[in-house]
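Undergrad: As given, the protein sequences belong to chains A and B, one line each in that order.
For the first sequence, the residue numbers in our numbering are 1 to 78.
For the second sequence, the residue numbers in our numbering are 1 to 90.
Treat each hint with caution, since some may be false.
Cβ pair distances, simulated, as ranges [unchecked claim]:
| id | chain 1 | residue 1 | chain 2 | residue 2 | range |
| --- | --- | --- | --- | --- | --- |
| 1 | B | Lys-44 | A | Gly-33 | 43 to 49 Å |
| 2 | A | Ser-7 | B | Gly-85 | 44 to 50 Å |
| 3 | B | Asn-56 | A | Glu-4 | 25 to 31 Å |
| 4 | B | Glu-32 | A | Ser-40 | 17 to 23 Å |
What the hints contain is simulated information worked out from the structure, not anything from laboratory work.
We put the beta carbon where it would ideally sit given N, CA and C, even for glycine.
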Amino acid sequence: LTMEAKSIAVVVEGMTCNSCVQTIEQHVGKMNGVHNVKVSLEEKNAVIIYDSKLQTPGTLQEAIHDMGFDATLADSNP
Amino acid sequence: MVSKVPHRYSVRDTPRTSYRGKHEFFVDMTCEGCSNAVTRVLHKLGGVQFDIDLPNKKVCIESEHNVDTLLETLKKTGKNASYLGEKSAQ
């Protein structure tokens, strides 16, 4: 079984405190196929390592957007 | 009672024939970012008028949506949310 692990950075606007950071990390971290999430308040982004068979940059962006934050896709390294 | 509701939303002097529930919810918000997130998800749902009380972690919503839908929407923010009860219109 091969995992198609990929990493993307999502630019997240609207986070102002650590509580925002934690809710995003917890919520996205629970998503199917998400291996790791690192949200940075300073850099206003979320770096997500995920299984590309289960998630796409679009679905990850949508998940953060649905939580009430402005999420846009930054560069992704394949 | 001094209302923070913008004037265009005022329904005080207009008796309504259709019942619109006014519901109070607890949402574990800690900062502006949290309350902004709540504002956005509620706007996205649409058909709601609401007031956010950040210090008391309360959201008061007037809507024709049912409580379950509203609670589901609030929970989308990933924060703890619970229904406190109906609030009688003043």
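Undergrad: Regarding Asn-56/B and Glu-4/A, is the given constraint of 25 to 31 Å on their beta-carbon distance met?
TA: Distance hint for Asn-56/B, Glu-4/A is violated at roughly 46 Å.
Undergrad: Has the hinted range 44 to 50 Å been met by the Cβ atoms of Ser-7/A and Gly-85/B?
TA: holds (45 Å)
Undergrad: For the pair Lys-44/B and Gly-33/A, does the Cβ-Cβ distance stay inside 43 to 49 Å?
TA: At roughly 25 Å between Cβ atoms, Gly-33/A and Lys-44/B fall outside 43 to 49 Å, so the hint is violated.
Undergrad: I want to verify a distance hint. Is the separation of the beta carbons of Glu-32/B and Ser-40/A within 17 to 23 Å?
TA: With a Cβ separation near 18 Å, Glu-32/B and Ser-40/A satisfy 17 to 23 Å, so the hint holds.
In terms of the numbered hints stated before, the structure departs from hints 1, 3, listed from lowest to highest.
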